[in-house]
Every structure is written in structure tokens, then in C-alpha cells.
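S.K.: Residues per chain are reported as follows:
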Amino acid sequence: MRRLLICLLLLLTACGTARPESLVDKDEVVVAIRSDVPLISFKGPDGAYHGFNIDVAENLVSRLGKRIRWLEITAGDQLTVLTGGRADLVFAHMSVTPERKKVIDFAGPYHVDFQDIAVRPADKDAIRDVRDLEGRRICWVRGTNIAQRIVGERRVRAIPVEAPDYNVCLDMIEDGRIDAISTNAQILAGLLTKPGVDLHLVGATFNEQRTSIGVRKGDVDGCEELNRAITQMYQDGTAHMLLDKWFGRSGIDLSVIAVPQFEGCS
Amino acid sequence: MTVTVTPPVRRAAAVPRRVRTLAGLSLLSLALLLAAILAGAASTGASLRTIGHDAGPQVLATTGLYRQMSEMDALVAETLLLGREYGPQQQADLTAYDQRRLEISESLLKAYRLALDNPTEQRTVEALIEGLGRYERLAAEARLLDRQSGHTAGQPPAPVVAAYQRATDLMHRELLPKAYNLTLETGTIVRRAHDAERSATALARTAVVVTGLLALACLVGLQTYLTRRFRRVFAPALVVATVLGAAGLVTGAVLIERQGRALEEAKRGGFDAVLTLTRARAISRSMHGDQSRYLLDPGRKDTYEHTFLDKARAIAAVESTSLPDYQSKLGPGFQGLLGGVTGADRTRLFTAYQRFQQADARMRGMSGAAAIKFWDGELTQAYEGYDKLLEELVRRHESDFERAIDSGDGALETLWRLVPAGLAAGALLVLAGVWPRLREYR
Numbered sequence: 001m002r003r004l005l006i007c008l009l010l011l012l013t014a015c016g017t018a019r020p021e022s023l024v025d026k027d028e029v030v031v032a033i034r035s036d037v038p039l040i041s042f043k044g045p046d047g048a049y050h051g052f053n054i055d056v057a058e059n060l061v062s063r064l065g066k067r068i069r070w071l072e073i074t075a076g077d078q079l080t081v082l083t084g085g086r087a088d089l090v091f092a093h094m095s096v097t098p099e100r101k102k103v104i105d106f107a108g109p110y111h112v113d114f115q116d117i118a119v120r121p122a123d124k125d126a127i128r129d130v131r132d133l134e135g136r137r138i139c140w141v142r143g144t145n146i147a148q149r150i151v152g153e154r155r156v157r158a159i160p161v162e163a164p165d166y167n168v169c170l171d172m173i174e175d176g177r178i179d180a181i182s183t184n185a186q187i188l189a190g191l192l193t194k195p196g197v198d199l200h201l202v203g204a205t206f207n208e209q210r211t212s213i214g215v216r217k218g219d220v221d222g223c224e225e226l227n228r229a230i231t232q233m234y235q236d237g238t239a240h241m242l243l244d245k246w247f248g249r250s251g252i253d254l255s256v257i258a259v260p261q262f263e264g265c266s
Numbered sequence: 267m268t269v270t271v272t273p274p275v276r277r278a279a280a281v282p283r284r285v286r287t288l289a290g291l292s293l294l295s296l297a298l299l300l301a302a303i304l305a306g307a308a309s310t311g312a313s314l315r316t317i318g319h320d321a322g323p324q325v326l327a328t329t330g331l332y333r334q335m336s337e338m339d340a341l342v343a344e345t346l347l348l349g350r351e352y353g354p355q356q357q358a359d360l361t362a363y364d365q366r367r368l369e370i371s372e373s374l375l376k377a378y379r380l381a382l383d384n385p386t387e388q389r390t391v392e393a394l395i396e397g398l399g400r401y402e403r404l405a406a407e408a409r410l411l412d413r414q415s416g417h418t419a420g421q422p423p424a425p426v427v428a429a430y431q432r433a434t435d436l437m438h439r440e441l442l443p444k445a446y447n448l449t450l451e452t453g454t455i456v457r458r459a460h461d462a463e464r465s466a467t468a469l470a471r472t473a474v475v476v477t478g479l480l481a482l483a484c485l486v487g488l489q490t491y492l493t494r495r496f497r498r499v500f501a502p503a504l505v506v507a508t509v510l511g512a513a514g515l516v517t518g519a520v521l522i523e524r525q526g527r528a529l530e531e532a533k534r535g536g537f538d539a540v541l542t543l544t545r546a547r548a549i550s551r552s553m554h555g556d557q558s559r560y561l562l563d564p565g566r567k568d569t570y571e572h573t574f575l576d577k578a579r580a581i582a583a584v585e586s587t588s589l590p591d592y593q594s595k596l597g598p599g600f601q602g603l604l605g606g607v608t609g610a611d612r613t614r615l616f617t618a619y620q621r622f623q624q625a626d627a628r629m630r631g632m633s634g635a636a637a638i639k640f641w642d643g644e645l646t647q648a649y650e651g652y653d654k655l656l657e658e659l660v661r662r663h664e665s666d667f668e669r670a671i672d673s674g675d676g677a678l679e680t681l682w683r684l685v686p687a688g689l690a691a692g693a694l695l696v697l698a699g700v701w702p703r704l705r706e707y708r
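Quick mapping for you: the protein sequence lines, in order, are chains F and L.
Here the first sequence is numbered in the working numbering, starting from 1 and rising by one per residue.
Here the second sequence is numbered in the working numbering, starting from 267 and rising by one per residue.
Just so you know, these hints were derived from the structure itself, not from any lab.
These numbers were taken from a predicted model, which means no experiment stands behind them.
Honestly, I wouldn't trust all of these hints.
[Said to hold, decoys possible] Covered stretches of chain F (chain L as the covering partner; in silico rule of three or more C-beta atoms under 8 Å from a C-beta of chain L):
{"#": "1", "stretch": "152–164"}
{"#": "2", "stretch": "196–209"}
{"#": "3", "stretch": "219–230"}
{"#": "4", "stretch": "253–259"}
Even glycine gets a Cβ: it sits at the ideal position worked out from N, Cα and C.
Looking at chain L on its own, in the form it has when it is part of the complex (with noise of 0.2 Å):
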């Protein structure tokens, strides 16, 4: 039958070739759009695991390393300050030594876990480990030797204070710096993986508007070649389907934005929460473990004290020229690790942290046994006070954590399954559209 009708038939070959070329077009940009919408599933999704499910986590997991082993030194300082008529207290102390040495054990296999492809930081945490079997072998020396002289409550004797001194020096000048670093780097890898990611996600979601308006370009495009070449005012199919590709672009783009807003939300809120609050936490037991030391080795009080100002300026810094100075000057606009909370926590936690303050100042306008006395009860109660209000703040940064990771799982969930099916569907729709056209020139 194509025999016969020469000039209008090259015409008219055109027309189907048009056709398809222009089905084929929209075919192709549908494709990329899925493509643009899987591959930003699939990088956020990785971001969402990373920070979510595998780095995340354990970082929040070691964290708790270094407030762990000042606990542990601590309570070595503590054992020996309490006299023998503290009998019970100090059994009492050695079970949570034994607690936290548990403890440090679990943190640092899951430290070592997070470094399996970063030799540095198992280095690290191979050199803590060796470090804390010497720190064990000092504590225990310094324990015999307590025992034996069998002194009252207060300052033991000097061969004991010089026995701690080998083993605080070990923990503090060795151990916990590496303890602290460790933390540190854990934070710049989770940082690094979500920074990549995120411009990955920024990326994809720009491809995804890019694919999909090229995609309606190309459907309404063909929809009104039809039109006019046919004379039909609408290819109901073809209608269907750009309405199906519009609603895929917005429905990826919405979702992707809110699975990265979810993302940021984790870590900012979150994460990032969590950890600052968890770095003051650490460092806030560290600062109570320097007033015991204070009260030990008298040969080294301005050290403690010194030591003491150096962390509390870094956890709620004010300026100022000494402790006492800090002391009179802190009010509730301080700046540091503390300083990026807010509203009621905030002047909640003010008033902890100024209590434990104050009551330190007080201790350390007395002397010999009344300070211990006073260490032992009321300034010991200020710190629990401040440090549980500190805890209360993690878990409750923790649980928004895990909310907005949760939230972010949802949205991938519905990505995955209700998109591509839409955008397969409005593929079918362009081939039913264009299929009776074609078949006219058949």
C-alpha cells in the first residue's frame, strides 16, 4: 500500500517519526527523573544510616570513655581520703569501680569497632588500653599502701599521696587527653560523612527538578504536537501522565528535602546536642575529681585549682582573672559548652551549676577535716544535683535524636515504594497515548 503514494507518504513518514521520537524523549526524561529521585534516596539514606544507625551511635557510645575513667580516678582519690571509720563508703566505692572499669571495657570495644578502616585511632585505643592495666597496677599500690597505714579520715600519709600521684598523673596527663581526642576524631568523622552527604542530597534534589521539568517539557510538548497534528483537543492518557510526572517531581522533591531536613535536624539537634552536652558532663566530673585532689596533695593545690578554673571556663566560660573572681563574676549570660542552651533549661541549669560553684568556693575557704566533711556531704550533693540535671538533657537530646532519624526512615519508606510505581505508571500512560496515533500510519 506505501507503493503507490510517493511525495505525501515522505510527508507523512515524518509524522510518526515525530511522534516518536517525542514519546521517546518523555520516555527517557521520566527515566532520569526516577533515577534523579532513587539516587537522592540512596544518598541521603546512606547519610541517614551513617549518622542514624552505624557512626552515630557510637560515638555517642564513647563518649561516655572519659567521664568513665575521671570517675574511676576519682574514686581511687576518694577511697583513700576517707579514713577507716568510712569503711562502708569506701567498700562502696570500689563495687562502682569495678562498674566502671566494666564499662570502659564495653566503650572501648565499641571504639574500636568505629576505627575499623582508621589506624590512627586504633593506635589510640590500643595505647588506652595498655594505660589503663599501668593506671590499675598504681591504683592498686596506692590502695595497699592506704590499708596498711590504716589512717583516719583526711590527708594520708605521704608514701600513699605519692603512690596516687603516679596513677592520677597516669590518668590525667596520658589517659584522659587521649580519651577526650578520641571523642574529638569520632566527631570529625560522623561530621565529614554527613557534610559530604549533604551535598550530595542538595545535588540529587536539583537534578530532580531539573529531570522532571524537562520531563513535562517533553509531555506537554508531544501532548500539543498531537493536538495539532491530529486535530484532538486532549490525549486523556498523555494528561494522565503529566499529571503523574508532576506529581512525581513534587512528591521527590518534597520528600527529599524533608528526609534532609530530617537529617540536619538529628544531627543539629541531636547529635551535635548530645555530644557537646555529654563533652560538659565528662569534664564536669573531671572537675570534681580536681576538688578530691585538691584536698589530697596539698603540695599541688594550685595546680588543682588552677586545673579546676581551666575546665570551668571552658564548660560556662565568664571573663575573669581567678577562681574567686569567676566565681563572683558568673551570671546566667556565660558562653562555652553550656552556653548554646536555652530557655528554661538554661536557668535550670544555671542554678545547678552556680550551686556547685558556690559550694566550691566554700570548701575552699576551709581547712583539714571540716573541708572534707563538707567535700563528703554538701559540696558532693551540689555536684550529683548539677550532674543529673546534665543527664537529664542528654537523654532528652537523645530521644529527639532518634525521633527525627525515625521521622527520616518514614519518608525513605514511602520514596521507595509509592514514586517509582507513579512514574512507571505514567510511563505506560505515554506509550497508551501515543500507541493509536502511530498505528494510524501503519
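Just chain F, same shape as in the assembly (with noise of 0.2 Å):
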């Protein structure tokens, strides 16, 4: 009988154990950012991250209940942190990919925005809109597929050069190694706020990037309630006020803020 019952206990605590790891049991949070990009997530002179990505991160986590400990990584790590299990969340500016979402999963996104293209001021008008990029060398910053995007599916058959990170592109653009830098347009701006870059802004609003969070592959409960998150803080006006704080006057089209379309989370 009492062998029976232990059994039976067994039985109970397997029950118990049946649902996934989820970053919502926990009550610190890792977030792999970048700290390399301007306005979106850099380090300031005070050894504190500031940015975009990093008052979305904040905000969201708090929604959850959680705090955050932060991992500097560089664009090539924005996945491997995940599979890896040395990150619960990765807020990197990644845009969603049918191969990327074979290995990780993806809240939100938090932000739809646009390819753009930075030029010389010399080039400006020679290059007017993605299909000028022919012919023309532009930045592959190592892990994004922004190159892919022009080349593979514009069919623009501009040549990639590989480079670690964009303040690499920017010593580049600037010595004639390459011509164009073309990323999401929120990157380009905050590259542009940097001193001594002398570079225009193409306006060419091309393939539409949606910024979403990577999340491990199958934590449905952690990405349902991040998206949650996300459509209190466009309800409540705080996307809009973070994104008016950080890109107000970087010249990008701010005039339609609404919750974009979640990718969904199974």
C-alpha cells in the first residue's frame, strides 16, 4: 500500500513538471544587447547602456514583473546566445527570418521600420534609391541580412564587403572602400549622430524591417506575455514617447505609430 502510494506520488510530480522552461518563472532576466550602436543601444561615458532598445527592454520587463541583467554581444552571437541558453531574450534590432525562426522564436515586433540608405554627400545624387546600388560596393555588417535583402531580393547586384561591426563601415564609407551603407533606418540615424560622420541620408524607404525580440524556441508563455507588454505600451503612449525621445529629430517618418502585427508565438 504505502509502495502504491509512492507511486502514485511519482506519478503526481511528473504532471507537475510537463510544461516547458519559461523566462516568466524566473525573476532576473538576461537581455543580450548590442553596445555599439548609437541611439539604439550604446554605452554611455557613465558605463551604463542607454538607447532605444534599451528603454523598450526596461519597460517591457517591468511590465512582466522582472529585472534584467544585461550581456553585451555582437550581431554574429544574436542567436547562438539563445540556443546556447546563455540569454532569455535577445533585443538586438533583429528583424524575423523563416531561418532564423527554425532556431529561435520571436515576440512582437516591437517597431516596423524601413531599409534606408547613408551615402557620401558627393554621391547624393547619384544615388537616389536601392536600384542606384548597382554596381556599387555597401557594408555587410557580419550576422545581418540587410546585404541579402538588396542583392538576393531586389535583385540589385551590388557588391557585399564584410565587416565586424558599423563603426567599421564608417571608416570605410569614409576612406572610399565602400559607397553606401544601407540598414534599418533607425541604425542609419543614429550613425549619423555620431561626430565627425559627414553622411546623407537617402530616404529611400525601401523593404519594410520588423524589429522583434528573439525569445528561446518554445517559450510560448514568456513570448505571449511579452507581446502583451507590447500592446500595453503602445496603448498607454510609451512607444510613442520613447521613440519621439530617441528619433524625434533624427529626420525619420514618425507620423503613423501603431502596434505592429505580431509574428505569433507557436
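From these two lone chains plus the hints, build me the complex, please.
M.R.: Shown next as C-alpha cells:
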């Protein structure tokens, strides 16, 4: 009889642990960010992180009632920190692609951006939209899919030149190794604020960039909670306030601020 | 009579006490078994009600919202694209437009009812009602300008395109995302309710087994004790009570199990499948809209081609770099929203979807009036064939869903009537079995 009871108790506990691991069970979540993107996520002189992504992450995670531990990563690590279990969330201005969806899930997007092009002021009449990049050298930061979107999707035969991060892109465009930097309008707006940078923003908004939060594959509960928090962030005006705070003077079109269409969690 | 005998009495008094204790324990465990079965039935019943009768059907109703709204926008684009020589067809489009508006109001009311205890979702519904009012105003403006211009079939004059751009931007950047998120959110409500109730059901099933075995152990113990003490091989009433207890245990466990399975089937094979297919159907409608917008607004050709590709990849994912690449690589091994469809349905769906994509590729190779003619004829036919097939699949899964819910409801009725009656009879038999023995000590 006692043995039977023990068996049954074991059965009961086995039922209780059927749910997959989720960030909603934690008090402190590890949020992976980049520290080299002006306006979006960068390290200030005080050593603290600042930027649009930082504010959004803090706002959303506090709506979930959790604390944040930051983890600095580079663009190339944005998938592996999740698959390797080193981070719970990735706020790295990632857009949703079918290839990425195979290994991680996406909460959000929390913002819909467009792709734009930055060129040297001297080239501003020669490069007016994405088709003018034909035959020109563009910067390709490892881990991003921006160059693929121009060459593969738009079928514009530009020449991608590899770089580890956007600071190197800035050096390369200055000394003429490349002709253009193309990425999210928000990231470009940030690069243009750097001291000594003199570039022209073409304003050729083409591909939609759905900026999303990377979550671990299978963490449906965490993903759904984040989506709810994003909806609330737009409803109570916080999203409007944050976009205005960081990009109000950047020339980015902020005439429509509305909650983006979510990717869905399962 | 008790006064004369002293030591044997104490020993003899222990016997009825033990009989009473064992009988009491048997009755208690039978009562616990009944309670466990009833609790299990109540929890699966609540789950069935959520999925089958309350939230489930309402979610399915609101999934139509996205499709109805993108259809509304596509109809506006169509009336603008068709020139004055298509007068009757324009009129038919307007009638269809009014019909969609009616359906949208109904869906919004249902969504609001479902969101009664969810203020975030309620605010989304309110924002949709407000936004649709704005959309109507902009669409009416575009139509008025269009009528005044009196152009023939093809791309309308710039002011008309500009007015339509404002309307369609509002629809695509503000309203459709909200409608889509609403469906996702209501799906979340149902999934969570289902998960919570499923673990409650698993718990109830374990409780039924534990209390049932306990009851059987007590009954057997009582029986053995009586056999030994009173040298009777059987107490027939107790044997029947034990059999009834065992039957209660087995039926209770089996019925809860069966109901749980019905629930699972309704959720997975019915509800989830309908939700996914309806989402795919909604996105497909919006892809067809992207085709007309591609023709209507050459300034944004690239953007509309890109959104078309994005949506195509969500529906039937194939690794590809561009739209022509996608269309050439599209094969029966696709993933994405429709990736879960299997068997003959998959083959039929693939054929219809491929025809739609092939027609799209041809349309993009044409120019001007020829493209519009092709879009109005062959392309729309290919789309409608594909859409009809999706609709048929949705209907079929909807009836699977209803059937599974019905079978769960049936199990519930048996549970409520037969099992408690059997267990009550068992309890009475226990009393009947021990009564004569206890009387011997009076």
C-alpha cells in the first residue's frame, strides 16, 4: 500500500513538471544587447547602457515584473546566445526571417522600420534609391541580412563588403572602400549622430524591417506575455514617447505610430 | 446483560469497534472516490465549456475579422482600378463592400464580448472601431475623386492614388495588425484555459485512481476481517459493494480519460487547425490585395512585391531569396502555416496554391492594361479556386471540432448519472453487510 502511494506521488509530480522552461518563471532575466549602435543601444560615458532598445527592454521587462541582467553581444552572436541558453531575450534590432525562426522564436515586433541608404554627400545625386546601388560596394555587417535583402530579394547587383560592425563601415565609407551603408533607418539615424560623421540619408524607404525580440524556441508563455506588454506599451503612449525621445530629431518618419502585427508565438 | 461478564467483554467490544472502523473507512474512501470523480468531471466539464461553447466559437468568429477587413480594402482598390466601362462590376463590388462592413461589425461585437475581463483587448477593439470610421472617410474620398475623374480601366489619376494610399496605409499599418493581434490574443486565452484545465484533469485522474484503490483496499480488509472473525467465507453484500467500488473506479477513470481525449482532439484537430487555416486564409486574401495594389500604385511596386513575398513565405515557407526564386522553388515539401496539412489535402492545396503563384508570376511579367485584364480574369480565378479549397478545409475541421465536443459532452452525462448512483449503492451495501455482524454484539 505504501509503495503504491509512493508510485502515485511520483506520477503526480511527473504531471506537474510537463511545462517547458520559460522566462516567466524567473525573477531575473538575461537580456542580450549590442553596445555599439548609437541611439539604439550604446554604452554611455557613465558605463551604463542607453538607447531606444534599452528603454524598450526595461519597460517591457518591468511590465512582466522582472529584473534585468544585461549581456553584451555582437551581431554574430544574436542566435547562439539563445540556443546556447546564455540569454533569455535578445534585443538586437533583429528582423524575423524563416531561417532564424527555425532555431529561435520571436516576440513582437515592437517596431516596424524601413530600410534606408546612407552615402557620401558627394554621391547624393548619383544614388537616389536602391536600384542605384547596382555595381556599387555596400557594407555587410556579419550576422545581419541587410545585404542579402538588396542583392537577393531586390535583385540589385551590389557588392557586399564584409565588416564586423558599423563603426568599421563608417571608416570604410570615409576612405572610399565602400560607397554606401544600407540598413534600418533607425540604425542609420544613430550612425549619423556620431561626431565627425558626414553622410547623407537618401530617404529611400524600401523593405519593411520588423524589429523583434528573440526568445528561446518553445517559450510560448514568455513570448505571449511580451506581446501583451508590447500592446500595453503602445496603448498607454509609452512607445510614442520613447520613439520621440530617441528619433524625434533624426528625420525618421514618425507620423504613424501603431502596434505592429505580431509574428505569433507557436 | 453486560454486567456479568468482564474480561471477555472487553475483548469482544474490540471486535465491533474494529468492524465499525473498517466499515467507516470503507464508506469514507468511497465518498472520496465519488468526490474525486465529480471534481474530475467538473474540471473537464469547465474545459469543454470554455473550448466548446464559450471562448472557442467566439475566437473562431473573430478570426474572420482580418479577412473581412483586408477584403474591404481590396474591394476599394478594385473599384478604383476598374474604369467606368466596368460599371456593373463596380456596383457589385460596392454591394460586397457593404456586406463586409456588416460582418465586421458583428465580429467586433463578438470580440468585445470575449474580452470582457481583459481591458487591453477591449481597448484594441475600441481602437479598431474608431479606425474603421477613419478608413471609411478616406475610402469614400478616394471613390469620389475617382468618379469625378471618369477614367477608363487601368491606373487612376494621381490624386485618386494619393487618396487611396492614405486609406490603405491606415488599413495596413494600423488596423489589420490590430485585428491580427486580437486573434492571436484570444487564441492565447483559450490555450491558457486549456492548459490549466488539462493539468487539473490529470490531477483528478490520479486522485480517482488513488481513492479508488484505497476504497478497494478498505473493502477487502473489512471482508477479510469478517471472514476470519466470524468464520464466514463471504458476506455477499460486501462482495457486491467491492465489485461496485471497482466498477466505479474503472468507469470514473475511463470516462475522465475519454473526456480528456475528446478535449485534446477538439483542441488540436479542430480548434488549432481551424485557427491556423483561417489565419492562412486571411493572409492569402491580403496577398491578393497586394497584387491589385501592385498594379494600382507603381510608385510602391517594390514595397507591395516585398510584402507579397513576406506573406507567401509565412503561408508556405520555402527557402528562397526573391519572389521569382520563391515561385520557382515552391515544391510539395513546404513549411509555414499550411505546412501542417497532410495527405491528399496537402496535394490538393499545393496544386491550388501553386496555380495561384504561377498566375502571379505571369502577371508580374506583363504591363499596363494586359496585366489588369489578366489580374481581373485568370489570376482572380486562380485565387478564388485556392480560397475555396481553404474554406472547405476550414469547414471540415470545424465539424471535427463540433463532433469531438459532442462526444465529450456525452461522456459527461454518463458520468453524472451512473457513477454516483453505483457508488451510493456500494455504500448502502457496506452498511447492509456489516449491520448483521454488529447486531450480534448488541
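S.K.: The structure should be examined with respect to each hint, and the outcome stated for every one.
M.R.: Each hint, compared with the structure:
Requiring three or more residues with a Cβ within less than 8 Å of a Cβ of chain L, the coverage given for the stretch 152–164 of chain F holds, as 4 such residues are present. Evaluation of the coverage hint for the stretch 196–209 of chain F: fulfilled, as 3 residues show C-beta separations to chain L shorter than 8 Å, against a requirement of three. Note: the stretch 219–230 of chain F has 4 residues with beta-carbon separation from chain L under 8 Å; the three-residue rule is met and the coverage holds. Under the rule that three or more residues need a Cβ within less than 8 Å of chain L, the assignment of the stretch 253–259 of chain F holds, with 3 such residues.
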